[in-house]
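A.B. asks: Sequence:
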Amino acid sequence: MIITENDLREPFSILGEITEVRLFKAQGYAFVRYEKKECATNAIMEMNGKEICGNTIRSNSQKYTFH
1 MIITENDLRE PFSILGEITE VRLFKAQGYA FVRYEKKECA TNAIMEMNGK
51 EICGNTIRSN SQKYTFH
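Numbering (UniProt numbering) for the sequence shown: 1 to 67.
If a hint is listed, it holds; no wrong ones were tucked in.
Cross-link-like lysine-lysine pairs, in silico, BS3-like; alpha carbons within 30 Å at most: (1) Lys36 x Lys50; (2) Lys50 x Lys25; (3) Lys36 x Lys25.
These are computed hints drawn from the structure, not numbers from a lab.
Working from the sequences, and respecting the hints, build out all of it.
C.D. replies: What follows is the structure, given as structure tokens:
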């Protein structure tokens, strides 16, 4: 299934206020930017390995990838 910006916003917004979501579908990754750095840090830890729309999220401080 193809991931949309809203598919990412919904679960990631639980962890803090998102200022931007950039989705690079062809490359298979996205950036989720938070208002506060600690929210981004929590998102990296909480979302790594989770599944969204049948895709496993791999997160780090640079980007989120989905496969």
